[in-house]
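Student: As a plain string of letters, each chain reads:
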Amino acid sequence: MNKNLDLFLTFMKIGAFTFGGGYAMIPLIQKEVCENKKWLNEKEISDIVAISESTPGPIAINAATFVGYKTSGFLGACMATIGVVLPSFLIISLISMILTQFQSIRAVRYAFMGIRAAVLALILKALWMMFHQVKKKKQPFSYAIMGLSLVLTAFLKIDAVFVIIGCGLFGLIWSIFNRKEQSNGTD
Amino acid sequence: MALIKLFLAFLKIGAFTFGGGYAMIAMIQAEAERQGWLTQEELVDFVALSESTPGPLAVNMATFVGMRTCGVLGAIIATLGIVLPSFIIILIIAKFFEKYKKSKAVGGIMSGLKPAVVGMIGAAFITVARTVFFPSGVSVSLFSSASFWVFLGLFAVTAAFAFKKVHPIKIILLSAVVGIGAGYGLGL
Numbered sequence: 001m002n003k004n005l006d007l008f009l010t011f012m013k014i015g016a017f018t019f020g021g022g023y024a025m026i027p028l029i030q031k032e033v034c035e036n037k038k039w040l041n042e043k044e045i046s047d048i049v050a051i052s053e054s055t056p057g058p059i060a061i062n063a064a065t066f067v068g069y070k071t072s073g074f075l076g077a078c079m080a081t082i083g084v085v086l087p088s089f090l091i092i093s094l095i096s097m098i099l100t101q102f103q104s105i106r107a108v109r110y111a112f113m114g115i116r117a118a119v120l121a122l123i124l125k126a127l128w129m130m131f132h133q134v135k136k137k138k139q140p141f142s143y144a145i146m147g148l149s150l151v152l153t154a155f156l157k158i159d160a161v162f163v164i165i166g167c168g169l170f171g172l173i174w175s176i177f178n179r180k181e182q183s184n185g186t187d
Numbered sequence: 001m002a003l004i005k006l007f008l009a010f011l012k013i014g015a016f017t018f019g020g021g022y023a024m025i026a027m028i029q030a031e032a033e034r035q036g037w038l039t040q041e042e043l044v045d046f047v048a049l050s051e052s053t054p055g056p057l058a059v060n061m062a063t064f065v066g067m068r069t070c071g072v073l074g075a076i077i078a079t080l081g082i083v084l085p086s087f088i089i090i091l092i093i094a095k096f097f098e099k100y101k102k103s104k105a106v107g108g109i110m111s112g113l114k115p116a117v118v119g120m121i122g123a124a125f126i127t128v129a130r131t132v133f134f135p136s137g138v139s140v141s142l143f144s145s146a147s148f149w150v151f152l153g154l155f156a157v158t159a160a161f162a163f164k165k166v167h168p169i170k171i172i173l174l175s176a177v178v179g180i181g182a183g184y185g186l187g188l
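For the record, the sequence lines run as chains A and B.
Just so you know, this note's numbering puts 114 at position 114 of the first sequence, and the rest follows in order with no gaps.
Just so you know, this note's numbering puts 80 at position 80 of the second sequence, and the rest follows in order with no gaps.
Careful: at least some of the hints might be erroneous.
Calculated pairs, BS3-like style, for lysine-lysine (alpha carbon to alpha carbon, straight line, at most 30 Å) [as the list claims (entries may be wrong)]:
1. A:LYS31 x B:LYS170
2. A:LYS135 x B:LYS99
3. B:LYS170 x A:LYS137
4. B:LYS12 x A:LYS125
5. A:LYS31 x B:LYS95
6. B:LYS95 x A:LYS70
7. B:LYS165 x A:LYS31
8. A:LYS137 x B:LYS99
9. A:LYS13 x B:LYS170
10. A:LYS31 x B:LYS101
Restraint ranges, calculated between C-beta atoms of paired labels, are given here [claimed, not checked]:
11. A:LEU156 x B:ILE4: 49 to 57 Å
12. B:ILE92 x A:LYS38: 21 to 29 Å
13. B:THR39 x A:VAL49: 33 to 41 Å
14. B:GLY187 x A:LEU156: 33 to 41 Å
15. A:LYS37 x B:SER145: 54 to 62 Å
Derived from the structure by calculation, the hints contain no laboratory data.
Glycine included, each C-beta is placed from N, C-alpha and C at the ideal position.
Next up, chain A with everything else stripped away, as it sits in the complex (with noise of 0.2 Å):
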């Protein structure tokens, strides 16, 4: 089969059975990738996770257009990220042209009322997960930011592009100086 419409189609499935984000997206494209496939070898895989994180986007996407791009250069990027994008571009596409007519019915609108409660559960796990990594590395620095971040975005409005760029800097500024620190000390 043509190398591009494989990428096309093993992201496509990727994308159409992943549910709950980019983390639950990883093993199963290491499987499809590594092991069905042999685009890319284990190393290469976690490095994409890595990266991933280090860069913004969602992981689904940042993910299919490195592996694309790694097995077929820009076309097999476009056709990987086109194919992990599409299930869920049809599946909300069609929700949300039924969805105004369901929240009309009483039991829906009262069923949501109990998804709320629950999605903030989920979103308490999430943050809890992220603080855990966050808490390895004990540097007072960082919680000073976690709180700055909290109270800019959350009681002062301060737009998110502001926080994440000043919050960046100030992690850039505060390495340099460090290391700096370092280097005198064994000196």
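We have chain A; now place chain B onto it with these hints.
Tutor: Quick look at chain B alone, frame taken from chain A:
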């Protein structure tokens, strides 16, 4: 004009979202308020819908908002907007991958971004909590209303399930059933 606005808004969200879908809620909410795309309740409902359908939250959200505001063309434009930054950045990085991976600057920036993402998810938690528990503002009568306690209880139970790694779809289904029961039972 509305299409260009839609495209630029999602381009911005795509370019500045780190650390997964939940960190994006705060940004989407701000844009949604500014542009009048969705109410706070609709946004939370949509997060639930997105958890129950395949695909990344960001892409689902873009398609949904695009469809709502400008139809099929809007859905395509918004989705393109959210995908494009990732796509371009990854293409560039794929070429300079080894350098990028070892770059101390990237490491430094990430040491600031990771805790910032935690704070932003915290902000999402606070805004969603307001929608769930205080839909019509905080008042003394709140604590005597049965629905407040029902939803607080439901939140506690679903949180326990979430931490026990029960699948999100099961949690959402359960909470929908409880919501219907409470709605009819309490005559909301």
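Student: Does each hint hold? Answer for all of them.
Tutor: How the hints compare with the structure:
A distance of roughly 25 Å separates the Cα atoms of A:LYS31 and B:LYS170; the hinted pair therefore holds under the 30 Å criterion. A C-alpha spacing of about 28 Å is found between A:LYS135 and B:LYS99, which places the hinted pair at or below 30 Å, so the restraint holds. A hinted pair counts as satisfied when its Cα atoms are at most 30 Å apart, and B:LYS170 with A:LYS137 does not qualify at roughly 34 Å. Proximity of B:LYS12 to A:LYS125 is assessed by CA-CA distance (about 26 Å); at most 30 Å being required, the pair is judged to hold.
The hinted pair formed by A:LYS31 and B:LYS95 meets the criterion: a straight-line CA distance of about 24 Å does not exceed 30 Å. Proximity of B:LYS95 to A:LYS70 is assessed by CA-CA distance (about 9 Å); at most 30 Å being required, the pair is judged to hold. A distance of roughly 22 Å separates the Cα atoms of B:LYS165 and A:LYS31; the hinted pair therefore holds under the 30 Å criterion. Annotation: proposed proximity of A:LYS137 to B:LYS99 holds, straight-line Cα distance about 24 Å (limit 30 Å).
Note on A:LYS13 and B:LYS170: the hinted pairing holds, with a Cα-Cα distance of about 22 Å set against a maximum of 30 Å. Between A:LYS31 and B:LYS101 the alpha-carbon distance is near 24 Å, which keeps this suggested pair within the 30 Å criterion. At about 29 Å, the beta-carbon gap between A:LEU156 and B:ILE4 misses the expected band of 49 to 57 Å. The hint said 21 to 29 Å for the Cβ distance between B:ILE92 and A:LYS38, and at roughly 26 Å that hint holds.
Under the hint 33 to 41 Å, the C-beta atoms of B:THR39 and A:VAL49, about 36 Å apart, fit the expected range. For the pair B:GLY187 and A:LEU156, the beta carbons lie near 39 Å from each other, so the given range of 33 to 41 Å is met. Between A:LYS37 and B:SER145 the beta carbons are some 56 Å apart, a value that agrees with the proposed interval 54 to 62 Å.
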